[in-house]
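Visitor: The residues making up each chain are set out below.
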Amino acid sequence: MTAMEETVETVDTVADLPREIVILGGLEPFPHERYRVSEEPDAPPFLRIQTVDDDLVFHVLDPFLVLDNYEPAIGDEDDRLLGLTGVADTRLLVIVNLSKGASQATVNLAAPIVVNRKTGRAKQVILQNATQYSVRHKLFG
Amino acid sequence: MLVLTRKIGQALVINKDIVVTVVRIEGDHVRIGIQAPKSVSILRQELLEEVKAETQQALAKGDQAAARLDGLKRLAAKFKPPSSDSSEA
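Order-wise, the sequence lines are chains A and B. Following this note's numbering, the numbering of the first sequence begins with 352 at its first residue and continues without gaps. Following this note's numbering, the numbering of the second sequence begins with 1332 at its first residue and continues without gaps.
Treat the hints as calculated values from the structure; they're not laboratory data. Please note: incorrect hints may appear among the correct ones.
Said to hold, decoys possible - Facing chain B, a subset of chain A residues (Cβ under 8 Å, in silico):
no.: 1; residue: G376
no.: 2; residue: P382
no.: 3; residue: V388
no.: 4; residue: E391
no.: 5; residue: D393
no.: 6; residue: D406
no.: 7; residue: H410
no.: 8; residue: P414
no.: 9; residue: L418
no.: 10; residue: Y421
no.: 11; residue: L432
no.: 12; residue: I446
no.: 13; residue: N448
no.: 14; residue: I477
no.: 15; residue: L490
The beta carbon of each residue, even a glycine, is placed where N, CA and C say it ideally should be.
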């Protein structure tokens, strides 16, 4: 079926992400640092991250699927902390908020999770240009 | 908490390399200038709180994650490019 091929462009996979990431400092207010990364079966391009020691689950997305001209400004200090040397090392994930139902789904574009895909070191970073983006960016209209 | 009084144009120095200056006062608005090394993160407190609150809301615990799956599937379908719809015709 061609439908599969046509979705490849926008469907992200975990293929280039580590199976486990360590989010330094956790996702405030949750202190957990170790998360397993997996695809959400039947619902690509959504990914799920789940705490290794617990059953806290967040759904996340590649922000560039939401906003193709997304221009996150990440500080040098965070780059250093995560050992990022360039775009090839870097993957971004934004947290999806489904608490008000799917039709009201939003993503947090102001504070993406920045991942070093080679080492699995990650951190939720409040962007230096956070004021340009919403903490609750509506997913669809 | 340390509370100090400053006049317009006066500054505070924190750790020898962070300088906080009162630039202007208009009614209940205070305009503040901050000089700090690039490595110092400076954020409005509300933003920090907003991000935390958002993460807390986004969390799915145990069964909630499964309960959200139907909604996620509906949303997932919207990511497919329009051209895939025509292939069904």
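Visitor: All hints, please: hold or fail.
Guide: Verification of the hints:
no., hint, result
1, G376, "violated (12 Å)"
2, P382, "violated (12 Å)"
3, V388, "violated (14 Å)"
4, E391, "holds (6 Å)"
5, D393, "holds (6 Å)"
6, D406, "holds (5 Å)"
7, H410, "holds (7 Å)"
8, P414, "violated (13 Å)"
9, L418, "violated (13 Å)"
10, Y421, "violated (15 Å)"
11, L432, "violated (10 Å)"
12, I446, "holds (5 Å)"
13, N448, "holds (4 Å)"
14, I477, "holds (6 Å)"
15, L490, "holds (6 Å)"
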